[in-house]
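Asks: This is what each chain is made of:
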Amino acid sequence: SQKIEQNSEALNIQEGKTATLTCNYTNYSPAYLQWYRQDPGRGPVFLLLIRENEKEKRKERLKVTFDTTLKQSLFHITASQPADSATYLCALGGGADGLTFGKGTHLIIQP
Amino acid sequence: DTAVSQTPKYLVTQMGNDKSIKCEQNLGHDTMYWYKQDSKKFLKIMFSYNNKELIINETVPNRFSPKSPDKAHLNLHINSLELGDSAVYFCASSPQGMGNTEAFFGQGTRLTVV
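As you go down the protein sequences, you meet chains A and B in turn. Just so we're on the same page, our numbering is the position in the first sequence counted from 1, plus 44. Just so we're on the same page, our numbering is the position in the second sequence counted from 1, plus 807.
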């Protein structure tokens, strides 16, 4: 069965540093990979989508890479700020049933 | 002007009851979803609904049934509620199914079964 692994424990990063989150998957060949942000008590909010034929995607301070050989995506937040503290979810797409989510990584940016 | 809205935000009910959660999207999207987020924060798809085609996650009990009166609405009906149904339920929509476009989520409905 499909399996998506994200760092399930909290990731503590000092303000101003680059935060790097990892998403690994097995038994799946997604055509698309998405990253979402979820704050407590709120629904997930879309951040970035990357296609299988793209190596890298950027949006402001965010960067996503997608390595279909390693079956891995890396999500980077540069110049991190306390406001970036949230849970970040990796999601795979390409099947008829929409997105399959990982359990998320809780990111804490410390001032 | 909320894109995906669901009601109620909180729902507390007793075991054995039947309840419904409503969802509406004003984005003109073709596909709507219901997701369940359990206490461990794992977000799991329950249903995908696209142009009257319903795709059901096989692990969802048949006590759960989605109903779509029109393209902008996908309501979730739950019969004979059980303690294990307690979770946060999210409605979402996207322009297309297949995961190739961003999905927009509602704010969630926290269901507590006592």
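Simulated from the structure, these hints should not be mistaken for laboratory data. Note that the coordinates shown come from a computational prediction; the quantities given were computed from them, not determined experimentally. Beta carbons are placed, not taken as given, at the ideal position from N, Cα and C, and that holds for glycine. Just so you know, not all the hints are guaranteed correct.
Here's a subset of chain A near chain B, in silico, CB distances under 7 Å, partners left out [stated by the list, open to error]:
| hint | residue |
| --- | --- |
| 1 | Tyr72 |
| 2 | Tyr76 |
| 3 | Gly87 |
| 4 | Lys115 |
| 5 | Gly137 |
| 6 | Gly142 |
| 7 | Phe145 |
| 8 | Gly148 |
In the DSS-like style, the derived pairs of lysine-lysine whose C-alpha atoms are separated by at most 25 Å in a straight line are [as the list claims (entries may be wrong)]:
| hint | chain 1 | residue 1 | chain 2 | residue 2 |
| --- | --- | --- | --- | --- |
| 9 | A | Lys115 | B | Lys859 |
| 10 | B | Lys878 | A | Lys47 |
| 11 | B | Lys847 | B | Lys859 |
| 12 | B | Lys851 | A | Lys147 |
| 13 | A | Lys47 | B | Lys847 |
| 14 | A | Lys147 | B | Lys848 |
Here are a few chain B residues that sit away from chain A, every Cβ distance over 12 Å (derived from the structure) [as the list claims (entries may be wrong)]:
| hint | residue |
| --- | --- |
| 15 | Lys848 |
| 16 | Pro876 |
| 17 | Asn882 |
| 18 | Gly891 |
| 19 | Glu909 |
Asks: Taking the numbered hints from earlier one at a time, note which ones the structure violates and give those numbers from smallest to largest.
Replies: Of the numbered hints given earlier, those the structure breaks are 1, 4, 9, 10, 11, 15 and 19, listed in rising order.
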